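Asks: Take a look at the letters that make up each chain.
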Amino acid sequence: MTSDVMLKLEGIASAYGKIDAVKGIDLEVKRGQIVTLLGANGAGKTTTLKTISGLVRAKAGRVLFEGNDITGMPAHQVARAGVVHVPEGRHVLRGLSVRENLELGAFTVKDATLRKDRLEQVFAQFPILRTRANSDGSLLSGGEQQMLAIGRALMHGPKILLLDEPSMGLAPKLVLETMRIVKRLNEAGTTILLVEQNARLALRLAHYGYVLESGVIRLEGEAKKLSADPSIVQAYLGS
Amino acid sequence: MSIFDIFTNQLLNGIVLGSFYALVALGYTMVFGVVKLLNFAHGELYMVGGFAGFLVLSFLAPYLGPGWLGVAVSLVLAMIAVGFLGVVIERVAYAPMLSAPRLSILITALAVSLVLQNGMLTLTKGQYVPFGAALGFGGVKLGNLFISYNQMILVGVAAALMLALELFVSRTQYGRAMRAVSVDKDMARLMGINVNAVIAITFFLGSALAAAAGSMAGAYYGSLWYFMGFLIGLKAFTAAVIGGIGSIPGAMLGGLILGLLESFGTQLPGVGSEWKDVFSFSVLILVLVFKPTGLLGKPEQERM
Numbered sequence: 004m005t006s007d008v009m010l011k012l013e014g015i016a017s018a019y020g021k022i023d024a025v026k027g028i029d030l031e032v033k034r035g036q037i038v039t040l041l042g043a044n045g046a047g048k049t050t051t052l053k054t055i056s057g058l059v060r061a062k063a064g065r066v067l068f069e070g071n072d073i074t075g076m077p078a079h080q081v082a083r084a085g086v087v088h089v090p091e092g093r094h095v096l097r098g099l100s101v102r103e104n105l106e107l108g109a110f111t112v113k114d115a116t117l118r119k120d121r122l123e124q125v126f127a128q129f130p131i132l133r134t135r136a137n138s139d140g141s142l143l144s145g146g147e148q149q150m151l152a153i154g155r156a157l158m159h160g161p162k163i164l165l166l167d168e169p170s171m172g173l174a175p176k177l178v179l180e181t182m183r184i185v186k187r188l189n190e191a192g193t194t195i196l197l198v199e200q201n202a203r204l205a206l207r208l209a210h211y212g213y214v215l216e217s218g219v220i221r222l223e224g225e226a227k228k229l230s231a232d233p234s235i236v237q238a239y240l241g242s
Numbered sequence: 026m027s028i029f030d031i032f033t034n035q036l037l038n039g040i041v042l043g044s045f046y047a048l049v050a051l052g053y054t055m056v057f058g059v060v061k062l063l064n065f066a067h068g069e070l071y072m073v074g075g076f077a078g079f080l081v082l083s084f085l086a087p088y089l090g091p092g093w094l095g096v097a098v099s100l101v102l103a104m105i106a107v108g109f110l111g112v113v114i115e116r117v118a119y120a121p122m123l124s125a126p127r128l129s130i131l132i133t134a135l136a137v138s139l140v141l142q143n144g145m146l147t148l149t150k151g152q153y154v155p156f157g158a159a160l161g162f163g164g165v166k167l168g169n170l171f172i173s174y175n176q177m178i179l180v181g182v183a184a185a186l187m188l189a190l191e192l193f194v195s196r197t198q199y200g201r202a203m204r205a206v207s208v209d210k211d212m213a214r215l216m217g218i219n220v221n222a223v224i225a226i227t228f229f230l231g232s233a234l235a236a237a238a239g240s241m242a243g244a245y246y247g248s249l250w251y252f253m254g255f256l257i258g259l260k261a262f263t264a265a266v267i268g269g270i271g272s273i274p275g276a277m278l279g280g281l282i283l284g285l286l287e288s289f290g291t292q293l294p295g296v297g298s299e300w301k302d303v304f305s306f307s308v309l310i311l312v313l314v315f316k317p318t319g320l321l322g323k324p325e326q327e328r329m
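So the protein sequences, as listed, match chains A and B. The numbering used here applies: residue 4 is where the first sequence begins, and numbers increase by one. The numbering used here applies: residue 26 is where the second sequence begins, and numbers increase by one.
Hints may contain errors.
Said to hold, decoys possible - Among chain B residues calculated to face chain A with C-beta under 10 Å, some are:
1) I178
2) Y199
3) A213
4) N219
To be verified - Every beta carbon over 12 Å from chain A, so not counted as near; a handful from chain B, in silico:
5) L85
6) A205
7) M212
8) L215
9) G271
No lab work stands behind these hints, which were simulated from the structure alone. Just so we're clear, the structure is a prediction, and the values are computed from it rather than from any experiment. Virtual Cβ for every residue (Gly too), placed ideally from N, Cα, C.
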């Protein structure tokens, strides 16, 4: 395999309960890229991410991260390896303040100075989080919670970010803001696998795209080509 | 004795009793927080903690004496030993049941309780066992109120342990991880937290606190019995529910409230001390009817 492939899925199949949600998919994310995984509700996007991060066990196939087989590895070890999954719905920890949520994002970072530096970077990037540092995380607005969820992932120092529907439930203005954040993170060097329902927007950011339908990859290609082909947009990406 | 003397006396008794309840209630509430299990074997860990303290003290007394030094060292060693026992119980009995229906694990907890109780019944042949501490009878007189040194030390140790726990939970990364696991296990995993390790730490701490209470009860009241954990287990459960199960400050508050209620309740005209359990459990019923989430508990939020 080539060294610039950071994450590689080979024939990954996994079930969610008794339902086969993902039925053997191949996917590659190259270092420094944004790759987007598109598809309708129930296509298997979230299950794919959960299989990578270890929350769902693969029934078949392999997940390779930087050349190492991480299939079946417990989720906390996958996270420690640098694969950081920001799940759908943000999952801000209620009962913990914004600051505690962020600090816990750096749970695996043992160096206190590094934790402090990262906290400063996150606060610099999302000033609202500094303002609300002592509020209960669950009391933030949807947009603020999304920033907290991303900031918390950055505290970890991810090699690759798995973002599941970061724009879900946000007002249109905040959707654009979120996408700008994703772009900025990528330009700063973070590799990103982005799951989105808003396909047009995702393809505008991404280098490469995959379209998932009923658990199989129907289509893949350069993001520009995918978004330029009207028949594809019509058939798979909705309006 | 004047009304005021009765009041201060019962206040003191209530605080002493409440300290025991609070220490045991903490384990209930912490375990419930992280694995959503009502660990009905928790009272037995108080009992085993008492016996562990007795065992250590009987080895150490020739060297350290049966006074507070000997008792303090026995208490610490009993806490560590019973802490590990708690972890073993979790691994052996509860961990395999975590994905099973809720009722199965509850029955498992009752079984663990029976095993510990009957194990100790067999070992002690049902006899009371003298703890073997000799703590003296000194104290301070404030007006008509006599506060023994033993009471002061007991309440002081309980308060120090609770403060240490509170600091651990609010200030350390592992304490925060414990709170994370109690609200969202999958998210905790994604943050790199080893959920099983956090569960083990929780069982260790909860069991160690119960053992501290058991050892102190042995030293304070003078004797141990294989059945001594049963009632305090129920009381601690009540205290945890009053405070709001899952809430650590709630368990402390609930324990104290319960201790005070029992101690004052028995002073009401026409109510003897044989009624104190009726008090506790009536309060439990009232709380469950009118404020099921307890004083400091938060309602469970269903996630989408």
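Asks: For each hint, tell me whether it holds in the structure or not.
Replies: Okay, the hints, checked on the actual structure:
Nearest Cβ of chain A to the Cβ of I178(B): about 34 Å, over the 10 Å cut. The hint is violated. For Y199(B), the interface hint holds, since its Cβ comes within 10 Å of a Cβ in chain A; the closest pair sits about 9 Å apart. The beta carbon of A213(B) is positioned within 10 Å of a beta carbon in chain A (closest approach about 8 Å), and the interface hint is therefore held. Using the Cβ-Cβ criterion of 10 Å, the hint placing N219(B) at the interface with chain A is satisfied: the shortest such distance is roughly 5 Å.
Here L85(B) stays apart from chain A, with its beta-carbon at least about 37 Å from theirs, past the 12 Å limit. Distance check for A205(B) against chain A: the nearest CB is about 5 Å away, which does not clear 12 Å, and the non-interface claim fails. Against chain A, the non-interface label of M212(B) is violated: not every CB pair exceeds 12 Å, the least being about 4 Å. Not every C-beta of chain A lies more than 12 Å from that of L215(B), the closest at about 5 Å, which undercuts listing it as non-interface.
With a closest Cβ-Cβ approach of about 10 Å to chain A, G271(B) is found to fall inside the 12 Å limit, against its non-interface label.
Hints 1, 6, 7, 8 and 9 from the list above are not met by this structure, while the remaining hints are.
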